Amino acid sequence: MNDKSKVAVRDLTVKDKFSFARFLVQWEMILIYILIAINVYLMVMRPGLYFAPGTIQSIIQSGMDLSPLVLGMIFVLMLGDIDVSVASIMILAAMATGLSMDAGIPVVPAVLLGIIVGALCGAFNGILVAYCSMPAVIVTISTQMLFRGIVQVILDVNVLSNFPTFYNALAWTNIAYVPISLLVFLALGVVFIIVLHKSAFGRKLYMIGNNPVATQYSGINVKAVKLQVFVIMGMMAGIASIFFVGRMGGGVSSTMGIGLELNAIAICVLGGISTNGGRGKAYGPIISTLIMAFLIYTLGLLNVEANSRVIMTGFILIIAVLIRNLNKEILAEIKLRLLYQSNKNIEALNNKTAENIGNLKVLIGETKKDGKLSTTDKAEKIKKYESQIVGLKEKCKQQTKAMKQQQK
Amino acid sequence: MGNYILELKDVVKTFGGVTALDGVHFHLKKGEIHALMGENGAGKSTFIKVITGVHQPDSGVMLIEGEEKSFRSTNESAKVGIAAIYQHVTSFPDLSVTENIFMGQEIKNKVGLYNWKLMTQKANELISSLSSEIDVSKPMGTLSVAKQQLVEIAKALSRDANILIMDEPTASLTRTECEQLYRITERLRDEGVSIIFITHKFEDMYRLATKVTVLRDAQYIGCWDVDKISNQKLIAEMVGRELSQMYPPKTAKPGDILLEVNHISKEGYFKNVSFDVRKGEIVALTGLVGAGRTEVVQSLFGIMRPDSGSIRLEGKEINVKSSMEALRHGIGLLPEDRQMEGLINELPIYQNVSSAAMYKFNKGALLQQEEEIKNAIALCQKIQLKAKDISMPPSSLSGGNQQKVVFAKLLSCDLKVLILDEPTKGIDVGAKYSIYEIMNELAERGYGIIMVSSEMPEVLGMADRIVVMRSGRVTAEFETTGTTQEMILEASLKQKEEERAS
Amino acid sequence: MTKEKTTFLSLLKRLPHMRNFGLIMAFIALLIVAAIITPAMYSWNSIINMLQNNAVFGLLSMGVMFVILTGGIDLSIASTLGLSGVITTSLMSENMNVPAIVWVLLGIGVGIFCGAFNGFLVGYLKMVPMIATLGTMYIFRGFAFLASGGDWWFPHQFSDGYVNMAIGRFLGIPNIIWFFVIILILSAIFLGYTAYGRRIYAVGTNKESARIAGIKQERIILLAFTLCGALSGLAGMLFTANYAICNHAIGTGFEMTAIAICILGGVSITGGRGKVDGVVIAFLMMSVITYFISLLPGLSVWQSAIQGGIIIIAVLINVFTIRSSEKRVLKERGALI
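Residue numbers (our numbering), protein chains in the order written: chain A, 1 to 408; chain B, 1 to 502; chain C, 1 to 337.
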């Protein structure tokens, strides 16, 4: 084994070629099927309405108000953190823009100011989470109260209504039958996809989400990355204020947008982002933003009242997570309970047998490919292995039976 | 055969392809201290877990007082009087000592409520026979490891255990604490408790045990009377071959001084540590677990920051504030715990390999995955990684090959100094050899290598120079030629004798 | 060593090291400030009034404390409160003559059902508590709307017995406060003196050790969530009785305040640490702050900003005391080297 010349250079190239079948059943594709299914349903049930001019556009527009929050939330969840203060940041940013417009500041600096306020709020969260090692849930629950509290203090019961006119245009108009808000959302989405999947920054997010300690040992400044992500989230909340205020018809009061953060999180989870961090793709939440818009609209058509539509949101969230959670561990647990009567000895025996059979099957596969053997030799060898498999199975069955009886 | 309280015959246990126990036998008499020895990864820990019912054997028989038993949980083994004190103390750090002792067998009053008063009183009685310095009302997490172990012993006593399993209890104890533990263990034996004492210190075995069973590479090697087996023979049995065969021949010649560590200190961890490394040289940093070796190398790598002292690389003083800077200066660390610190098991091998040097693959704002893959394949082929392909997750690999992935990660950076913290921990013998080959080849290519290791044969077989640490200080430095295990052991225990005298 | 006599002096020396010391000091400071600015606060009636209106938060934070102790979190408590409130109110308004205790039990029953559902998702299906309860938060609130049919209930639709469950007085103190006090005592006994209560801590402090000790975690988690649900359900019934008003949206956002009280009271969000007394002090403190602010003209808008700020500061102080005690341990160890 020490003779280097004998060791052939191993072929390590990526052997998994693109598989169309696997492409079709991945989570993001399933989301697309759901989206199509809802559309088909609408088309068939309400053809008149569905094909009426402006219907689809207004459905999409109705779901875009929180879309920038979704994008930012992808990054935060990717780290394994969470940010429930985003709706409050959004309103704070909107207030900053509105107040500066009132004060006569020109449109561009006023809008930028809103986004900067968002970024500062995000930085505040980020510093507490990354550099003071406080849990993100706690930090953002409190800053949620804090930021909204600031809005309440400043606005009290007043309503700000002096906002740039492009806010309304963004939320309500189309270019060539395509809603502007959708175009902007998709453009932002492409940026997020590229950053997450094609850049070093995105790779760092996956690394931190899966194993922050090992990431640090790879020479990456975990704290700085966390801070950056929260700042990005804050900026996206600032941008979301444009979408949101536009949808609200250009008015802002201190009680608006409560609970929007939870919608954004739900959309991300439905989109396949794991809340434990490090898993999921950016495409998913973008598709599920649209799914949510269509779903809520469809439920509205079915006379499901707005307040009870949230039941759907809740079930979707739970079922989406459960499906993705259904991993080996839980299956093994269920198997242990049902099949093996909670007897770990039986479980161990069956697992061992399954493993031995697996190994034998691999051997069979290798024999089949082996070019050096003659066909008769092959057949003989395979036969031998197969008889071994049968023997193992039989033995396992008998032992299992014996153990179960013993347990009784 | 009836005089055995515990007997295991031909026990086999595998974990998804890795055999942890392969036909192990064991006999324990009543009132006997039986040492169980073997190298790291020999299967000792799995062995206890099988006895206590944490794991279930795939096959084999276990007899308790001549009666066949199989446990499905620790509760069942506890009922027949088996108690274990695990290597990593498995306590509830936020709960009080009293509660830790009585967890699962609390004393209740007539209404079914806890009788804290009586429990505290009993806990005090149990503890005071072992140590006079433990406040039973304090949370477990505030005690030292040695004291936590005493609490675990008290817990076992409170359950009237007649078989007590102790998994490397002396690994992180000071000399005086060890003595105390020895006395308590002997007293328990005299009271009729049968004890399985797992250790890899010969001292423990000679001091306490009458019998010794050796495991190696998951296999049963043999059982001897302690006074009838020589030290040499025992080592040979544990290691499995003559030392000279274990290590590849060295080819590198040490060159100029590469890294100098001058009097670095970190409060609470180490003091005044100095040593240097030359190009192409392997320096071993050894000593007992808890001597501060890991903390020293973490300080060189920027995970910790020393309070004082200086580090010079190629004659220039450097200030390493983070792992990022360490890598930029050319210092890389292969961490001790490869699962927690070395690998990101969910990402493909090639992404792990390039993770420390992503800047190399940046083109504009984008990462060039093709380049990453090409680079990773080249590196991994060089160190003969056995994997299906480079896009598999590291979790699909064996321990030795996982370690090679971490090596490849370091090699993808432009390094001068390689720090390897227990590079062969938990790796089987064959894979160890190829890790050693890699180390020698790297030394030949001019890397300066610092190897932290607790395994003395490895230290003597691989290093050019040996630095020994004890309780946060360097106590000796040897050229490897002419150094013996006894000399290293003496240096790693040296000051403890003084401590005892004082 | 433990038999050492607790003299007044030793007590005084130990005082600053006690967990709740800082909290109590802050509370006292707050009381003094309040006494100077709004002396009106210190009438018997004001205090009773304050406790009466905040008792619901006390119940909710007591409930969510069980869950946080296991290392989880429950965001659905306010929705459970809403669902329970709507169900009991709507049934009561049609069955005015049924004894009110039935509605209390029904409220608790609804809560148990909701809590058990959460506990099943988290304990047996291994969902992340935050996400599972985020989902059920929507679901329960939606069901509250369905059950209400969008209706509102006003004082004249409430039976006297029902309302008296909250505002009726026993020994001059409103029943809702009695409910809170009894729950408090039961919780303290449960957490301190029963096997299941202590298992909640055990699961929260170290899941691996709990497994080795043979504790059935799934069951403990289910229990914690169920208790949390039961208290939220009770809170829902009492909330509607206290104000004699009900719709599907009652209590929206209360979960944040309840969780905030727990954190302020020293319950560790990672589980295993926290006691009833700390939560009670934090509850009193939050109540005083809310009430104090409401008495100051023009300051009521500050409420949520102040609450948010307080929690951040409390957790920050916590983080820094842990850091400094770690440093002290290192220093002690350093002396041995």
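I should point out that these hints are in silico values taken from the structure, not numbers from a laboratory. Keep in mind it's a predicted model, so treat the numbers as computed, not measured. Be a bit skeptical, because a hint or two may be false.
Okay, derived cross-link-like pairs now, DSBU-like style, lysine-lysine, Cα gap no bigger than 35 angstroms in a straight line [what the hints assert, rightly or not]:
id, chain 1, residue 1, chain 2, residue 2
1, C, Lys331, B, Lys425
2, B, Lys138, B, Lys108
3, C, Lys126, B, Lys316
4, B, Lys374, B, Lys388
5, B, Lys382, A, Lys361
6, B, Lys79, A, Lys369
7, B, Lys69, A, Lys404
8, B, Lys363, A, Lys15
9, B, Lys363, A, Lys381
10, A, Lys404, A, Lys369
11, B, Lys29, B, Lys316
12, A, Lys361, A, Lys401
13, B, Lys69, A, Lys401
14, B, Lys388, A, Lys381
15, A, Lys401, A, Lys372
16, A, Lys397, B, Lys147
17, C, Lys331, C, Lys275
18, C, Lys275, A, Lys404
19, C, Lys331, B, Lys388
20, A, Lys395, A, Lys384
21, B, Lys228, B, Lys253
22, A, Lys223, B, Lys316
23, A, Lys401, C, Lys331
24, B, Lys110, C, Lys331
25, A, Lys369, C, Lys126
26, B, Lys374, B, Lys360
27, A, Lys395, B, Lys122
28, A, Lys369, B, Lys374
29, B, Lys9, B, Lys30
30, A, Lys378, B, Lys79
31, B, Lys30, A, Lys352
Each pair of labels, with its calculated beta carbon distance range [stated by the list, open to error]:
id, chain 1, residue 1, chain 2, residue 2, range
32, B, Ala365, A, Asn276, 42 to 48 angstroms
33, C, His156, A, Ala169, 46 to 52 angstroms
34, C, Ala195, B, Ser132, 40 to 46 angstroms
35, A, Pro109, C, Phe154, 48 to 54 angstroms
36, B, Gly222, A, Lys383, 45 to 51 angstroms
37, A, Pro109, C, Asn164, 57 to 63 angstroms
For each residue, glycine too, the CB sits at the ideal point set by N, CA and C.
Structure-based check of each hint:
1. Between Lys331/C and Lys425/B, the direct Cα distance comes to roughly 31 angstroms. Compliance with the 35 angstroms bound is thereby established for this hinted pair.
2. Between Lys138/B and Lys108/B, the direct Cα distance comes to roughly 21 angstroms. Compliance with the 35 angstroms bound is thereby established for this hinted pair.
3. Distance check on the hinted pair: Lys126/C and Lys316/B sit about 54 angstroms apart at the alpha-carbon level, beyond 35 angstroms; violated.
4. Annotation: proposed proximity of Lys374/B to Lys388/B holds, straight-line Cα distance about 15 angstroms (limit 35 angstroms).
5. Simply put, Lys382/B and Lys361/A have alpha-carbon atoms about 31 angstroms apart, close enough for the 35 angstroms limit, and the pair holds.
6. In summary, the hint linking Lys79/B to Lys369/A is not supported, as the alpha carbons are separated by about 54 angstroms, beyond the 35 angstroms threshold.
7. Restraint check: the Cα-Cα separation between Lys69/B and Lys404/A comes to about 15 angstroms, which is no more than 35 angstroms; the hinted pair holds.
8. Of the supplied pair hints, the one linking Lys363/B and Lys15/A holds, its CA atoms being roughly 25 angstroms apart against a limit of 35 angstroms.
9. For the suggested pair Lys363/B and Lys381/A, the alpha carbons sit about 52 angstroms apart, so the restraint of at most 35 angstroms is broken.
10. With a CA separation close to 41 angstroms, the supplied pair Lys404/A and Lys369/A exceeds the 35 angstroms bound.
11. Between Lys29/B and Lys316/B the CA atoms are separated by roughly 62 angstroms; this puts the pair beyond 35 angstroms, and the hint is violated.
12. The hinted pair formed by Lys361/A and Lys401/A meets the criterion: a straight-line CA distance of about 25 angstroms does not exceed 35 angstroms.
13. Under the criterion of a C-alpha separation no larger than 35 angstroms, the hint pairing Lys69/B with Lys401/A is consistent with the structure, at around 18 angstroms.
14. Proximity of Lys388/B to Lys381/A is assessed by CA-CA distance (about 25 angstroms); at most 35 angstroms being required, the pair is judged to hold.
15. Annotation: proposed proximity of Lys401/A to Lys372/A is violated, straight-line Cα distance about 42 angstroms (limit 35 angstroms).
16. The hinted pair formed by Lys397/A and Lys147/B fails the criterion: a straight-line CA distance of about 49 angstroms is larger than 35 angstroms.
17. Taking the CA atoms of Lys331/C and Lys275/C, the gap is about 30 angstroms. The hint holds against a cut of 35 angstroms.
18. Only pairs whose Cα atoms come within 35 angstroms are accepted, and Lys275/C paired with Lys404/A is rejected, the gap being roughly 45 angstroms.
19. Taking the CA atoms of Lys331/C and Lys388/B, the gap is about 50 angstroms. The hint is violated against a cut of 35 angstroms.
20. Between Lys395/A and Lys384/A, the direct Cα distance comes to roughly 17 angstroms. Compliance with the 35 angstroms bound is thereby established for this hinted pair.
21. Distance check on the hinted pair: Lys228/B and Lys253/B sit about 43 angstroms apart at the alpha-carbon level, beyond 35 angstroms; violated.
22. With a C-alpha separation of about 29 angstroms, the suggested pair Lys223/A and Lys316/B falls inside the 35 angstroms cut-off, and the hint holds.
23. Between Lys401/A and Lys331/C, the direct Cα distance comes to roughly 61 angstroms. Violation of the 35 angstroms bound is thereby established for this hinted pair.
24. Only pairs whose Cα atoms come within 35 angstroms are accepted, and Lys110/B paired with Lys331/C is rejected, the gap being roughly 47 angstroms.
25. Simply put, Lys369/A and Lys126/C have alpha-carbon atoms about 42 angstroms apart, too far for the 35 angstroms limit, and the pair is violated.
26. The hinted pair formed by Lys374/B and Lys360/B meets the criterion: a straight-line CA distance of about 13 angstroms does not exceed 35 angstroms.
27. Among the hinted pairs, Lys395/A with Lys122/B is inconsistent with the structure: their alpha-carbon atoms are about 51 angstroms apart, more than 35 angstroms.
28. Under the criterion of a C-alpha separation no larger than 35 angstroms, the hint pairing Lys369/A with Lys374/B is consistent with the structure, at around 28 angstroms.
29. Among the hinted pairs, Lys9/B with Lys30/B is consistent with the structure: their alpha-carbon atoms are about 18 angstroms apart, no more than 35 angstroms.
30. With a CA separation close to 54 angstroms, the supplied pair Lys378/A and Lys79/B exceeds the 35 angstroms bound.
31. Proximity of Lys30/B to Lys352/A is assessed by CA-CA distance (about 34 angstroms); at most 35 angstroms being required, the pair is judged to hold.
32. For Ala365/B and Asn276/A, the Cβ-Cβ distance of about 28 angstroms falls outside the hinted range of 42 to 48 angstroms, so the restraint is violated.
33. At about 49 angstroms, the beta-carbon gap between His156/C and Ala169/A stays in the expected band of 46 to 52 angstroms.
34. The given range of 40 to 46 angstroms is broken by Ala195/C and Ser132/B, whose C-beta atoms sit roughly 30 angstroms from each other.
35. Between Pro109/A and Phe154/C the beta carbons are some 50 angstroms apart, a value that agrees with the proposed interval 48 to 54 angstroms.
36. Taking 45 to 51 angstroms as the suggested C-beta distance range, the pair Gly222/B and Lys383/A does not conform, at roughly 40 angstroms.
37. Distance hint check for Pro109/A and Asn164/C: the Cβ-Cβ separation is about 60 angstroms, which falls inside the suggested range of 57 to 63 angstroms.
In the structure shown, a violation is registered for the earlier hints numbered 3, 6, 9, 10, 11, 15, 16, 18, 19, 21, 23, 24, 25, 27, 30, 32, 34 and 36, in ascending order.
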